[in-house]
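Sequences and hints are given; from them, build the entire structure.
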Amino acid sequence: MGFWIFMVCANLMLPILMIIFGAVFLHWPPREINGFYGYRTAKSMKSQEAWDFAQMYFGKVWLRTGLLMLIPSVLAMLPCMGESDGKVGLWGLILCTVECVIMVLSILPIERALKRRFPER
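My numbering numbers the first residue of the sequence shown as 2 and each following residue consecutively.
If you're looking for bench data, these hints aren't it; they were derived computationally from the structure.
Take these hints with a grain of salt, some might be off.
[As the list claims (entries may be wrong)] Straight line, CA to CA, 27 Å or less: simulated DSS-like cross-link-like pairs of lysine-lysine:
| hint | residue 1 | residue 2 |
| --- | --- | --- |
| 1 | Lys61 | Lys44 |
| 2 | Lys47 | Lys61 |
| 3 | Lys88 | Lys47 |
| 4 | Lys44 | Lys116 |
[Claimed, not checked] Pairwise CB distance ranges (calculated):
| hint | residue 1 | residue 2 | range |
| --- | --- | --- | --- |
| 5 | Thr42 | Ala11 | 42 to 48 Å |
| 6 | Gln49 | Leu79 | 33 to 39 Å |
| 7 | Gly87 | Met46 | 44 to 50 Å |
| 8 | Leu109 | Val75 | 38 to 44 Å |
| 9 | Glu121 | Trp29 | 27 to 33 Å |
| 10 | Ile108 | Ala11 | 21 to 27 Å |
| 11 | Gly87 | Glu121 | 28 to 34 Å |
| 12 | Tyr38 | Pro80 | 20 to 26 Å |
| 13 | Arg117 | Arg41 | 17 to 23 Å |
| 14 | Phe37 | Lys116 | 23 to 29 Å |
| 15 | Phe119 | Ile72 | 46 to 52 Å |
| 16 | Met14 | Leu91 | 26 to 32 Å |
| 17 | Met46 | Thr98 | 16 to 22 Å |
| 18 | Met82 | Phe119 | 46 to 52 Å |
Glycine residues also receive a C-beta, built at the ideal position from the N, C-alpha and C atoms.
Okay, here's the thing in structure tokens:
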């Protein structure tokens, strides 16, 4: 049971970090275009206006996505409660992989919004 609790906590780290970073980017986004900190893609770094929009939109997307992943991440671990450590570990790995895919896919709506708002000339 201890390993199951550990895996639940480990699988909650990504949604919680997405919530925290989403809130940070909504309230305290990086002000100037830089290559170190912020939502840095070619489209977001084309202008200051695009940069500001991307930081705000990134914050909204990550905050919303993190909140939506929080409860399902716990519920997804319930079927393997009381199972062997191997099954719990495998199930946790699958869940972590799904969470990482969702995190990476969260780039798509941000890039689409940037393309709509700042069309290429």
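So, going through the hints one by one against the coordinates:
Between lysine 61 and lysine 44 the CA atoms are separated by roughly 18 Å; this keeps the pair inside 27 Å, and the hint holds. Pair hint lysine 47 plus lysine 61 holds up; C-alpha atoms about 21 Å apart against a cutoff of 27 Å. Our distance criterion of 27 Å between C-alpha atoms is broken by lysine 88 and lysine 47, whose separation comes to about 47 Å. The suggested pairing of lysine 44 with lysine 116 holds, with an alpha-carbon distance near 8 Å, which does not exceed 27 Å.
The hinted window of 42 to 48 Å between threonine 42 and alanine 11 is violated, with their beta carbons roughly 29 Å apart. Separated by about 47 Å at the C-beta atoms, glutamine 49 and leucine 79 break the suggested range of 33 to 39 Å. Checking the proposed 44 to 50 Å range against glycine 87 and methionine 46 shows it holds: the Cβ atoms sit about 45 Å from each other. Under the hint 38 to 44 Å, the C-beta atoms of leucine 109 and valine 75, about 26 Å apart, miss the expected range.
The hinted range of 27 to 33 Å is satisfied by glutamate 121 and tryptophan 29, whose Cβ atoms lie roughly 30 Å apart. Isoleucine 108 and alanine 11 have their C-beta atoms about 23 Å apart, which keeps the hinted 21 to 27 Å range intact. A C-beta distance of roughly 50 Å is found between glycine 87 and glutamate 121, which places it outside the suggested range of 28 to 34 Å. About 39 Å separates the C-beta atoms of tyrosine 38 and proline 80, a value inconsistent with the hinted range of 20 to 26 Å.
With their beta carbons about 19 Å apart, arginine 117 and arginine 41 fall inside the hinted range of 17 to 23 Å. Between phenylalanine 37 and lysine 116 the C-beta distance comes to about 24 Å, which sits within the given range of 23 to 29 Å. Take phenylalanine 119 and isoleucine 72: their Cβ atoms lie about 35 Å apart, and the range 46 to 52 Å is violated. Taking the beta carbon of each, methionine 14 and leucine 91 are about 18 Å apart, not inside 26 to 32 Å as hinted.
Separated by about 30 Å at the C-beta atoms, methionine 46 and threonine 98 break the suggested range of 16 to 22 Å. Methionine 82 and phenylalanine 119 have their C-beta atoms about 48 Å apart, which keeps the hinted 46 to 52 Å range intact.
Checked against the numbered hints given earlier, the structure breaks hints 3, 5, 6, 8, 11, 12, 15, 16, 17 and satisfies all the rest.
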